[in-house]
Amino acid sequence: MTLPHQSTPPRDPRGKLPEDRRHMIRRRWITAVIIVLLVGIPAGYLVISAGQSRDSGRDKERESSAAGLQANWPSLMKRRVFEVPVPGGAWGVAYYETSNWKTSRLYVQFTTTAAGLDGFLAESGSGRAELTPGRITVGERDADIAGWTFAEGMSWAGTTVKREEPRPTTDITVDLTDPAFPRVYAVSATSP
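When you line the sequence shown up against the working numbering, it's residues -15 to 176, in that order.
It should be emphasised that the hints constitute simulated quantities derived from the structure, not laboratory data. Hints are not guaranteed to be accurate.
The calculated label-pair distances, taken between Cβ atoms and stated as ranges, are [claimed, not checked]:
(1) Tyr29 <-> Thr153: 35 to 45 Å
(2) Ala98 <-> Lys62: 21 to 31 Å
(3) Thr144 <-> Ile32: 43 to 53 Å
(4) Pro2 <-> Leu30: 34 to 44 Å
(5) Arg112 <-> Arg38: 39 to 49 Å
(6) Gly123 <-> Pro150: 14 to 24 Å
(7) Thr161 <-> Val31: 28 to 38 Å
(8) Arg38 <-> Thr82: 36 to 46 Å
(9) Gln54 <-> Glu149: 26 to 36 Å
(10) Arg147 <-> Val17: 51 to 61 Å
(11) Leu30 <-> Ala106: 10 to 20 Å
Quick list of in silico lysine-lysine cross-link-like pairs, DSS-like style, CA-CA up to 30 Å [claimed, not checked]:
(12) Lys62 <-> Lys86
(13) Lys146 <-> Lys86
(14) Lys62 <-> Lys146
Bear in mind that the values here come from a model prediction, so they are computed numbers and not experimental data. Glycine included, each C-beta is placed from N, C-alpha and C at the ideal position.
Please build the complete structure, drawing on both the sequences and the hints.
As structure tokens, this is what we get:
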């Protein structure tokens, strides 16, 4: 009678031994980590993006529901679109934007230095020589919308910067009562 022989473990046809348990667990962990990264990173990105989009919508809703000037700097995009280059270092900055199907307007006020005023006028396409003493270029309707009053007894000067369509037209009125720290009132209007 013959006894059965214990056979050797089967070999892979390519000459490799079967995978031991430690290698199998390691391979499965690596596969699981890769799957989590491939799914988790895009999912995380979508969650963050959705949150930012929702916050942006809320900010725009809050901004558009505001009535009157907001004590804040207009965004860089608004300053570029309406060509109102508020000088760095200005204070008391406030703005308000209105839009309808016909015209969009940006109302901006700020206090700056004499050099800041010169820079603002130059970047706006004007200059101090173009400011007409005693002239208030901001119309009554715009002043009412922004809540501005141009009282008697102040040293007012104004100019209007007209640009080629479709670029905006800007009415600039400056309170030069304290020439070292002029207060600027600007209304920039553009038609989409």
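Now the hints, each set against the structure:
| no. | hint | result |
| --- | --- | --- |
| 1 | Tyr29 <-> Thr153: 35 to 45 Å | holds, 43 Å |
| 2 | Ala98 <-> Lys62: 21 to 31 Å | holds, 25 Å |
| 3 | Thr144 <-> Ile32: 43 to 53 Å | holds, 45 Å |
| 4 | Pro2 <-> Leu30: 34 to 44 Å | holds, 41 Å |
| 5 | Arg112 <-> Arg38: 39 to 49 Å | holds, 46 Å |
| 6 | Gly123 <-> Pro150: 14 to 24 Å | holds, 21 Å |
| 7 | Thr161 <-> Val31: 28 to 38 Å | violated, 54 Å |
| 8 | Arg38 <-> Thr82: 36 to 46 Å | violated, 25 Å |
| 9 | Gln54 <-> Glu149: 26 to 36 Å | holds, 29 Å |
| 10 | Arg147 <-> Val17: 51 to 61 Å | holds, 58 Å |
| 11 | Leu30 <-> Ala106: 10 to 20 Å | violated, 46 Å |
| 12 | Lys62 <-> Lys86 | holds, 18 Å |
| 13 | Lys146 <-> Lys86 | holds, 18 Å |
| 14 | Lys62 <-> Lys146 | holds, 18 Å |
Violated hints, in rising order: 7, 8 and 11; the structure is consistent with all others.
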